[in-house]
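Participant: Place chains F and Z on chain P using the hints.
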Amino acid sequence: MSVSRFIAAAILATALILPHADAGEVAFSERRSGSTFMAPETQAMQSNDTANPGMLGVLDGATLWGKTIGAAEKSCASCHNDASTSMSGVAARYPAFDDTLKRPVDLEQRVNLCRVDHQRAPPLAYESRELLALTALIGRQSRGLPIAGGTDPRLTPFVDKGRATFMRRQGQLNLACTNCHDDNWYKRLAGSAITQAHPTGYPLYRLEWQGLGSLQRRLRNCMVGMRAQPYDADAPEMVELELYLMSRARGMPIETPAVRP
Amino acid sequence: MAALINVPATAKRGDVIEIKTLMSHIMETGFRHTVTGAAIPRDIITDFSCRYNGVEVFRAELFPAFSANPFITFFTVATESGVFEFRWSGDNGFYEAVTANIVVT
Amino acid sequence: MSHRQSSRRQFIGHASALGVVALISARPARATPAAMKTAINDVVKGAPVRAGRVKLDIPPLVENGNTVPLTVSVDSPMTAEQHVVSIHIFNEKNPQPNVGNFYLGPRAGRAQVATRMRLADTQTITAIAKLSDGSFWSATTDVIVTLAACTEEAY
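Protein chains in written order, with our numbering: chain P, 1 to 261; chain F, 1001 to 1105; chain Z, 2001 to 2155.
FYI, nobody ran anything at the bench for these hints, they're computed from the structure. Please note that the accuracy of each hint is not assured.
[Unchecked claim] Have a look at the derived ranges for each label pair, beta carbon to beta carbon:
# : chain 1 : residue 1 : chain 2 : residue 2 : range
1 : Z       : T2038     : P       : Q229      : 42 to 50 Å
2 : F       : E1085     : P       : R154      : 52 to 60 Å
3 : Z       : D2042     : P       : A44       : 27 to 35 Å
4 : F       : S1081     : P       : D117      : 26 to 34 Å
5 : F       : E1085     : P       : A44       : 41 to 49 Å
6 : P       : N81       : Z       : T2038     : 57 to 65 Å
[As the list claims (entries may be wrong)] Pulled from the structure, derived: some chain P residues nowhere near chain F, Cβ distances all over 10 Å:
#  : residue
7  : S88
8  : R110
9  : H118
10 : L145
11 : P153
12 : M167
13 : R169
14 : Q170
15 : Q172
16 : N184
17 : A193
Note that the Cβ used here is the ideal one computed from N, Cα and C, for glycine as well.
Chain P with its partners taken away, still in its complex shape:
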């Protein structure tokens, strides 16, 4: 595999390092979900609940939702009752502004804040089966609803910071996110469609991962591809990037749990 990874990096470098006039963000009328770039077989895998392996995470999440944990001896359901009603539309507006922290928190952080503050339980590790299951369950309740990321005016400065990170060249290949996802989204990188960086279906089941993963995991994959040092899981830059991406995809329907190659 190392040879093929090298070839991929070489293609990435030669295709994109050449200065391209910055075209700016992808036009509103041209926005497309990553699912529209997929092969029909992969689209079918996503759209059929029995065939979608991400639904296994949703099922796990439903079990965890009702499980009493922590010193407070509460389950998620103790406060939020039935997730199918209480969580409808919630994932569509995350990352959301936290009044106490005075900054945006993503859905993973919100679940952990709930655990620590209300359930008196230890936080779950990023990318753990439990955290992915709970966020998949919550995300599933917004499927089909329009993304409403970054609409809270208190989020505006954080959206702007996220956009600045997206536009900034970084890493050994000296690439910005925008060089691929705005300037070259209609092209392919090795065998993969580049796509437009609209996070419509997280957490999603990536065939490459053979499991569910968060938007942060996907962002770290991109950064590794750019030969940049990925941000830590709880870095504010990560949440700002997530927030910018969700505001960029505003109005597009949630697909959680999506399937991607």
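Facilitator: Then chains F and Z, alone, in the frame of chain P:
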């Protein structure tokens, strides 16, 4: 461990029905290594079966080339109302069983 | 393909020059067309395998080799007298030649199974069906596995 089963709730006697099954499992091949070079031992589901009112109507043997979270679909003739029982077993004592009901008219 | 093979040969050449041959021999043995033949013979036990009656549906160009959907169907009336006993799927370049064995019977009603498999590389896939009269039938398809970009392995 979660499993997703799709069996029609009702069918007419003699109908050929499609059954879809998706089982949560990593299906570690036994051919991979950690970054430090240590071999990751095989951990897969090796056997799957479907019983219809106690009688086996379908069985499969799985190898490491099966994708993670094994997905298997097959067909059977709806003969009578009753229970489908699905069983998965494999390495490290893995065993899961799930049932689904059908009403045949 | 030829690119990758020649690069690998060059790498092996450099590696042996550096005296790290052990690194190469530590690679798991890969299935080969010959290994696939042996695996097929374990099932058919010398009986002739005829092309036909079996349909193998698999995308010719797959997006990720970890999860490749495939459907095998066999032209059979599926009666007590004439039915498919089993369906076997083989590959020639994964570490092992076997993918799965599926045991049906007249109660199946339709001789069709679908699943998802791993493909380590571009290769040929073969499906073989055993019929109740003892005959074996097969279908073979070539699949191209494309290269994923920007994965998390940094090497």
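Participant: Report the numbers of all earlier hints that the structure fails to satisfy, in ascending order.
Facilitator: Failing hints, ascending: 4, 5.
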